[in-house]
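**Student:** From just these sequences and the hints, can you work out the full model?
Here are the chains, one letter per residue:
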Amino acid sequence: MTNTVITQPFLGFGLGLRTQHFEHVLTQQPEVDWFEVISENFMVGGGKPRYYLEAIGERYPLVMHGVSLSIGSTDPLDMDYLKALKQLANQVQPRWISDHICWTSIHGINSHDLLPLPYTEETVRHVAARVRQVQDFLGRRILLENVSSYLSYKDSSMDEWQFLNAVAEEADCLILFDVNNIYVSARNHGFEPLDYIRQMDPRRVQQIHLAGHSDYGDYVIDTHDSPICDPVWDLYSAALTHLGPVSSMIERDANIPEFSVLEQELAMARTLALQTLPQLAADHGKHHSAGLPGQDAKRMGSL
Amino acid sequence: MSKDQQQADKGRLHQLQQDFMAYLLQGEPGPALADRLKRQIRDQGGISLDTRIGIYANAYRVRLTEVLETDHPNLALYLGDDLWNTLTSAFIQARPSQFRSLRDFGDALPDFLRQHPQFNQDPILADIAAFERRLLNAFDAPEQPRAAFEQLQGLAPALWPGCRLRFHPSVQLFKCHSNAVESWQALKQGQAPAAADYSAQRAWLLWRGESRLTEFISLAPYQLALLEGFLAGEDFATQCAAMLAYVDADQAPVTVLQSLQAWFSMGLIARLDPGRQG
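Protein sequences appear in the order of chains U and A. So for the first sequence, the working numbering puts the first residue at 46; every next one is plus one. So for the second sequence, the working numbering puts the first residue at 12; every next one is plus one.
FYI, nobody ran anything at the bench for these hints, they're computed from the structure. Keep in mind it's a predicted model, so treat the numbers as computed, not measured. Among the clues, some could well be false.
To be verified - To be clear about the criterion: a stretch of chain A counts as covered by chain U if any three or more of its residues have a C-beta under 8 Å from a C-beta of chain U, and this derived list gives those stretches:
1. 40-54
2. 57-63
3. 68-81
4. 102-114
5. 152-165
6. 267-278
What the hints assert, rightly or not - Taking beta-carbon pairs under 7 Å as the criterion, some of the chain A residues facing chain U (in silico):
7. 35
8. 175
9. 223
Said to hold, decoys possible - Cβ-Cβ distance ranges computed for the label pairs, FRET-style:
10. U:287 - A:55: 23 to 31 Å
11. U:182 - A:202: 50 to 58 Å
12. U:71 - A:196: 54 to 62 Å
13. U:312 - A:156: 36 to 44 Å
Beta carbons: idealized from backbone N, C-alpha and C, even for Gly.
**Tutor:** Right, dumping it as structure tokens:
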């Protein structure tokens, strides 16, 4: 392992681009540094989705986030999917492409869910080999995201963070670090989320996800349908302390509110990041005399 | 590690994934499968193994049901909660997704309704589902520039008879023998639909206009014949001749021309293929 930083420059603070906000984003051009789009939603010939994607992509940096790579499946890699992904990437020119460290399909049947893997040396080898194949095909490193989970396997011989780091190292890929998923899984499995965060390899974490969840008392489900809760904000601060500046964004997939509500949450992320990372605050101060960053955050993101 | 060991490990992972997926697909898995899967799951205390797996099984069904509800809102209203639940449960059970995107999951719903012994008693149901699929197809069909009527006007008169049309990819015809679209419209406007009516064939044209709105209009028999001919690649002269079944000989070219003018203004035409000069 070397200490070379391999991640791309800090993009700032972004949001998941959702259909309900297409028109607002295009006409109002809100002060959001970048947007993440769900790759599969745009693997269509055209129409409104592609129109907005292209128009918004002319104004904002985009990253592509997939849900059907099924990197942990024992099915062969779906080359048709990868071709469609590559074609979309050629058109969108995203800053990066991500998916999840999980499996979603077997025998060609797609569960459309992010199903957990056993955390073993064998699975590390299996997943890493497939990631290398994907990266060779796409001609770029991909990011893999830790998923929320509700069960773990007797076969698992390592913690999730060890598994994630091991795959990233063996495949030479990057990590999309979902802080909410760590909170959800920590509650469901009874581990200490700060242990997870402190074990992450900062060289490989290129993006952070933030989101809300549903708390049922005995367990927590990753629903992306509510505001980010205080314990997740605390973990976000802890993650930035450990990782340094990482491009961060908020996902909301259900109960999608007015765009301004998400902007307020994003302002919270900015404020916390600026409080946590003095160097980010220093950069920020060069461009701002007061208030929260807007255009200047974009400039900051491109530094 | 030997190759044999690697194969065995992969086989173990494969078996686990197979069992897990079978559990999700079966809805009410038998005890043998449930036991086999549970034997592989760690008992961590807190919630039970059944609850842990149940979270995934429930999410699988909820997600797919929500997609069908989103794509078929007025079919759901037409059926009412109980029948809609029966339909979605049966469809999810019978047609697991082989798609990368949930956008395509309901593609087989119209056929499923036509074949299902309970639902095929009411053909209007499959018609409403098929119409809603057509709306989705028009929504995200590929984009193409549209041609203007002036292009046709600028064409040398000698080229008109052999002129053919290339339509925008969003253009679709929908034919049915029920009042499915009228019922769909009533439900969309919050009104109760009329009783199912199978007395006549209806035809509809769907397309996505230049403003990116999905639109549809009903077609008179002559309009349907005209569109079907041009969509099949027939030329202007052939379609004028086809209009003789509907209008007088002197009216046929005018009928075709007026229709074409409307189609251009609606954004239906992507391109003209001029015929060869005789």
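**Student:** Need the list of violated hint numbers for this structure, in ascending order.
**Tutor:** Per hint list: 6, 8 and 12 violated.
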